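Trainee: So the sequences go chain by chain: D and U. My numbering applies: residue 8 is where the first sequence begins, and numbers increase by one. My numbering applies: residue 2 is where the second sequence begins, and numbers increase by one.
Quick caveat, the hints were computed from the structure, so don't treat them as lab data. Keep in mind the model is a prediction, meaning the values are calculated, not measured. Glycine is no exception: its CB is placed at the ideal position from the N, C-alpha and C atoms. A hint or two may mislead.
Below, in silico cross-link-like pairs of lysine to aspartate or glutamate (EDC-like), each with a Cα-Cα straight-line distance of 20 Å or less [claimed, not checked]:
#, chain 1, residue 1, chain 2, residue 2
1, U, K30, D, D109
2, U, K58, U, E113
3, D, K98, D, E112
4, U, K58, D, E112
5, D, K45, D, E112
6, U, K30, D, E25
7, D, K65, D, E88
8, D, K196, U, D7
9, U, K30, D, E88
10, U, K107, U, D7
11, D, K63, D, E93
12, U, K97, U, E72
13, U, K30, U, E45
14, U, K38, D, E88
15, D, K174, D, E112
16, U, K64, U, E113
17, U, K97, U, E35
18, U, K38, D, E81
19, U, K97, U, E45
20, D, K196, U, E72
21, U, K38, D, D95
22, D, K196, U, E113
23, D, K178, D, E88
24, D, K178, D, E112
Chain U regions said to be covered by chain D (calculated; three or more residues, Cβ under 8 Å) [as the list claims (entries may be wrong)]:
#, region
25, 37 to 51
26, 57 to 71
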Amino acid sequence: MNGLIGKKIGMTRIFDEEGRHIPVTVIEAGPCVVTQLKAAKTDGYSAVQVGFGPRKPKNTTMPMQGHFRKAGVEAQHIVSEFAPDEGDELKPGDTIDVSIFDGVELVDVTGFTRGRGFSGRIRRWNQHRGPASHGSKNVRRSGSIGMHTKPGHVLKNTQMPGQYGNKQETKKNLTVVRIDQERNLLLIKGSVPGSRNGIVTIRISR
Amino acid sequence: MSNIIDSIRQENARNDLPEFGIGDTIRCKMQIREGGKTRIQNYEGVVIAQRGTANEKAITVRKISNGVAVERVLPLESPNLTGIDVVRFGRVRRAKLYYLRALTGKKARIRERRVYKKK
Chain D
8 MNGLIGKKIG MTRIFDEEGR HIPVTVIEAG PCVVTQLKAA KTDGYSAVQV GFGPRKPKNT
68 TMPMQGHFRK AGVEAQHIVS EFAPDEGDEL KPGDTIDVSI FDGVELVDVT GFTRGRGFSG
128 RIRRWNQHRG PASHGSKNVR RSGSIGMHTK PGHVLKNTQM PGQYGNKQET KKNLTVVRID
188 QERNLLLIKG SVPGSRNGIV TIRISR
Chain U
2 MSNIIDSIRQ ENARNDLPEF GIGDTIRCKM QIREGGKTRI QNYEGVVIAQ RGTANEKAIT
62 VRKISNGVAV ERVLPLESPN LTGIDVVRFG RVRRAKLYYL RALTGKKARI RERRVYKKK
């Protein structure tokens with residue numbers, strides 16, 4: 008197993024043994040329950056499917072209830088797949104905790120960034136605003152978005168207003184500062200995508 | 002705030018620092034690492050600002066060093082801050098003494114606040 012599902016708790020700071028200040032994100036990682044093992048023979052690829060967090064059975068769809076019943080586990084809040092390691096001897100119902108990150112230096116963290124709704128180009132792309140006075144009507148408007156007859160269309164990926172945030176993002180190669188096995192905590196240097204209490208997946212960096 | 006965050010902040014908690022406030026002159030014993038050796042260096046100045054809550058406080062200490070004004074932001078929980086002595090209590094009416102930056106010489110003085118021990 009190369010990762011876990013977790014919940015972002017928030018950020019704080021700690022000091023290392025030389026007194027240096029380290030900003031850390033606290034993540035409650037796992038424990039995760041194995042809900043299914045996918046094999047190349049039957050599913051076309053091999054993976055470990057795990058669940059995280061409780062969910063009331065009445066809030067779980069009937070197909071997922073059946074899925075969890077088959078694995079013999081309680082209803083889970085969220086399920087996700089991870090790549091298995093060679094020699095893993097897992098079976099549905101097994102619990103995986105934060106100890107898989109023991110001795111790991113770098114991890115990738117995936118989460119949904121905080122949603123900012125439909126945002127203008129200033130907030131979304133850090134563009135500048137136009138002049139406020141002298142009869143200007145272009146304070147926060149978009150300026151020119153392209154050329155003339157040539158090329159005759161707006162180029163792709165032009166920075167324009169639109170939905171900002173609430174999009175899956177991965178931050179790679181973040182340093183693991185500390186592992187707290189008792190409380191299933193993972194302290195990672197720096198920030199990770201998402202809001203507090205947001206679901207994140209943590210994978211060991213390749 | 003979350004209990005988990007609070008408990009991690011609690012690890013840095015300390016109660017060996019004396020009580021002091023804005024406007025006080027303090028002597029900070031800073032641990033300095035030089036070439037594998039550590040020594041204590043005193044840094045004495047006026048507390049002009051404090052920020053943060055609970056176990057994440059930091060103070061700004063201002064001093065004039067050889068005619069050059071120096072301000073350092075010191076996290077109170079830092080292990081490099083080995084102790085604080087209060088040199089002089091100051092009587093001020095503001096929480097942030099940023100106005101001192103514009104003043105020099107006699108104008109930059111702070112009135113002393115006499116502290117009497119309780120009987």
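Trainee: Hint by hint, where does the structure go against what was stated? Just the numbers, ascending.
Mentor: 1, 2, 3, 4, 5, 7, 9, 10, 11, 14, 15, 17, 18, 20, 21, 22, 25, 26
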